[in-house]
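S.K.: As you go down the protein sequences, you meet chains Y and U in turn.
Numbering follows the numbering used here, in which position 218 of the first sequence is assigned residue number 723; successive positions increment by one, without gaps.
Numbering follows the numbering used here, in which position 73 of the second sequence is assigned residue number 578; successive positions increment by one, without gaps.
For chains that are exact copies, the list does not tell them apart, and a pair is met inside one copy or across any two.
Heads up, simulated SDA-like pairs for lysine to any residue below, C-alpha to C-alpha not over 20 Å straight-line: (1) K622 <-> S604; (2) K622 <-> D607; (3) K547 <-> S787; (4) K622 <-> E603; (5) K622 <-> P606; (6) K547 <-> D584.
Read the hints as simulated data drawn from the structure, not as lab findings.
2 protein chains.
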Amino acid sequence: MRVLAFLDGTLSDPDAPWIRVDDLGLMRGDGIFETVLVADGKPRELRPHLDRLARSASMLDLPEPDDEAWQRVTRQVIDNWTGDREFALKLVYTRGIESAPDAGPTAFAMGLTIDEKILRARRDGVAVVTLDRGIDPGLAERAPWLLLGAKSLSYGVNMAAGREAARRGAGDVIFTATDGSVLEGPTSNVIIARGHTLYTPPATIGILPGTTQAAVFRGAERLGWSTRIEPLSAADLRDNDGLFLASSVRKLTRVHTLDGEQLPDSSAVHAELAKAYEDVYS
Amino acid sequence: MRVLAFLDGTLSDPDAPWIRVDDLGLMRGDGIFETVLVADGKPRELRPHLDRLARSASMLDLPEPDDEAWQRVTRQVIDNWTGDREFALKLVYTRGIESAPDAGPTAFAMGLTIDEKILRARRDGVAVVTLDRGIDPGLAERAPWLLLGAKSLSYGVNMAAGREAARRGAGDVIFTATDGSVLEGPTSNVIIARGHTLYTPPATIGILPGTTQAAVFRGAERLGWSTRIEPLSAADLRDNDGLFLASSVRKLTRVHTLDGEQLPDSSAVHAELAKAYEDVYS
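Next up, chain Y with everything else stripped away, as it sits in the complex (with noise of 0.2 Å):
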């Protein structure tokens, strides 16, 4: 199921074409999107998505997003979802018309079902390959040109990387710098349990920060566990109690199989985080 409404609170037929051809989000990848969850027809973390889609705006010098309207139409495609009680809503906000820069950006609101296969790594876990992203972790604060860390439409690299896991097997990926140290997934940040603490990698090295991420950080806290956000090398993804991705989708999934090598059980670190998660919404 699909639901699509444009920010202006035009609710449209998504079956039908809206964009031209020269829309610079088509033509160019220039654009940004966020993914927010919505579950029993709440929007989970609305605030820091908003927040990111703004950052991100900036870093590509697109006009700032209207925080209201964008509240307002969030609030359209829920009311009109009559779909399962989770899917996910895709916020796209592009440069707009090349031939008609005054036009202004083109900017919508799409309601959708969860991928099948997001649903079973949630259960399930995933197997997960590392791949070299190629950049070092300096990169980002040294070349702000090359939008590392933002949420651009440019995401052709990602697509890539994925279609890399599957034909080695597996069904997502961690990019890893130069240096060796930990990225972040191609639509998902890296979370590692060790004891009773949580650690992931800063946004400072070039990766986008995580809405569920901090969630699920909340969560843990409010448990008696520690955070940490700070550097992680090749090596913590395997001495650990538990390596998991996490994005508005994906909620906490576990990784059970790492580069072909199977992990040790984390399912039951799994479900408490998992629910310590879920509580922060209850």
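Let chain Y serve as the given structure and place chain U on it in line with the hints.
M.R.: Below, chain U without anything else, positioned relative to chain Y:
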């Protein structure tokens, strides 16, 4: 002026919406393109462009492009063009609609008036800044999932580099690798003249093989010049008799200023090579 035709031969209004919001070209920058220069009704370097489209498709695991259909639609746009004697012809090929994978790729050709800024740079030359691209020259071979050297629709970084150049008072960019070696422009190849020899870096370092660069080399060879495809260092950008950017719409554009420093006048060398390039088509 714009002329739009889809790959199936449907001539279409370029001001109408044709693309669904869940086209993966829009949602993920997941697709490829080419820009062909058409002059006096003839597409320049169409064979190399279509070969490169097929190469990009292979790198992205897209279905092999229908070569004859692309040739037909190219002819169709040209036959319907009534604007300037030179125009840009874009070929765009996306992974298609996410919710309807069986529908296959989205594919169209569009004729476009060449931007005034590009025409001015052709005549007067351009100021360029060097920007760190953050990759090392071995990365493309080591990590094919990064799609280095594919002409992908995920051009967000290339567009951001152009904005960074504008902030620094320049009109274009030359990307350098982490070891200081010369890569390419965001939408062009780098050519250096030294005596009667032309130099350009090899595509194996993760850049696009240039169709116009190759044509300039052919033209220069006819005049008895030597040509070399070999790695260039940042120092080579200054130690030469002419520094140029080559692309379909730019043709051979002279760089007159590099990182704020005016370069020695290379107008005479430029004029000779620009003529050599045009003579390829006469």
